[in-house]
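Residue numbers (mature numbering (1 follows the signal peptide of the UniProt record, and there is no 0)): -28 to -1, 1 to 393.
Take these hints with a grain of salt, some might be off.
Stated by the list, open to error - Here are the computed distance ranges between Cβ atoms for each label pair: (1) Glu334 x Glu297: 55 to 61 Å; (2) Asp266 x Thr35: 41 to 47 Å; (3) Glu299 x Glu111: 30 to 36 Å; (4) Asp11 x Glu111: 35 to 41 Å; (5) Asn46 x Asp353: 57 to 63 Å.
These are computed hints drawn from the structure, not numbers from a lab. Glycine is no exception: its CB is placed at the ideal position from the N, C-alpha and C atoms.
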Amino acid sequence: MDKYLLKLGTAVSSAAIVAASFLAPAMAVTIEVSGNGSDSDNTVNYTQENEVEIEQENEADITNNIEVDANSGNNEAEDNTGGDVTIKTGKAEANVTVNNSANLNQAEVNACCPGDVEVTISGNGSKSDNDVTVDIENEVEIEQENEADFDNDVDVWVNSGGNEAEDNTGGDVTIETGDAEGTVTVSNNANANVAVVGGDNSGGSFSVWVTGNGADSDNTVNLDLENEVEIEQENEADIENDIEVDAESGDNEAEDNTGGDVSIETGDADATVDVTNTANLNWADVDSCGCIVDGSVKVSGNGADSNNDVILDLESELEVDQDNEFECGGGHGYRGRDGKDGKDNACNDIEAESNTGDNEAEDNTHFDGDPSIQTGDASSDVDVNNEANVNKVGDVDLDGENIDIDINLEGLLALLLGLLD
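Work the whole structure out from these sequences, hints included.
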């Protein structure tokens, strides 16, 4: 028993995995033309042909264009004379996580029938002419194909204010911001094909006897067993995300201050974007290939003017064709803070912006009523979730003994397989 453990860890992006496992079909064939004698002419003609052809193909094109700025204010205090001027910012934080995993093919062909065949033309004798022709053909063809095209443009700008305090003379001027957080999480998983053909080789077994023979015997057994499985699975996915997150904590200005208190205090501006696209999955488990199970023919006593023919033609054919196509955007491009926009028909073109105020206090001159601007809290939250196509034939145990998949495509698999319950 082959055990496949596939592990792939991705930081930003990862691509293709192909795995195949194959055990040759069971070949138990017993032919006996036994006693013979008299005018014997005994012929055994036996042909066995087993063909397994597995073709797996992945193509992934992943582009991540990520720009992150975290700035804690454009602070200026300017022409101070005399007293207090304070600009205090602090936290400006940007988190970007992009996780692309792409293609997986897994194919397992475990000895797929036919198995036992037993032919006996027994006693023979007399004017015997005994022919046995057995033609066994077993063919499995699996073709799996994935193509994925990812394009993620992420632009994050986090700033804690455009602070200026300007022409201060004398007393207190305070600008205090802090907190501007931007978080982008993008996870795209794309294609998976899993095909398991005939696991335990159940099926097979046939027995033909023509037994006693004798007299004017002419005994013919013609047995033709044919089994053909053809699976073709195909995915294509085109995913594009253009994401811009802008969290600022005010465009603070306090301006032409003279004398007393002027205070601008903001803080808190959060923009969070979470995008998950999962795409295509085909699987096919072809339950034991639909092979012949059991069977028995007996043409017993024979003798006298015997002419005994057994002609069996058993054919089992299974064809599975599965196809997905998922396109979530029509062109690639990039839009940055400069306004340049080359994106055409983008899927998930997301812009989240949080700003806590365009604060200005302007031409302050100290008098008893103190100017104060205090904001804080401006939050944006965007969550996008796209799931695409699933095809399924039969049962596949992805956690079983023969296939163990621990891979960053598991997000895709888990999600899409959940849809099948």
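Results for each hint:
1. Glu334 x Glu297: 55 to 61 Å: 58 Å, holds
2. Asp266 x Thr35: 41 to 47 Å: 56 Å, violated
3. Glu299 x Glu111: 30 to 36 Å: 35 Å, holds
4. Asp11 x Glu111: 35 to 41 Å: This hint holds: roughly 40 Å between Cβ atoms.
5. Asn46 x Asp353: 57 to 63 Å: Violated - the Cβ-Cβ distance for Asn46 and Asp353, about 26 Å, lies outside 57 to 63 Å.
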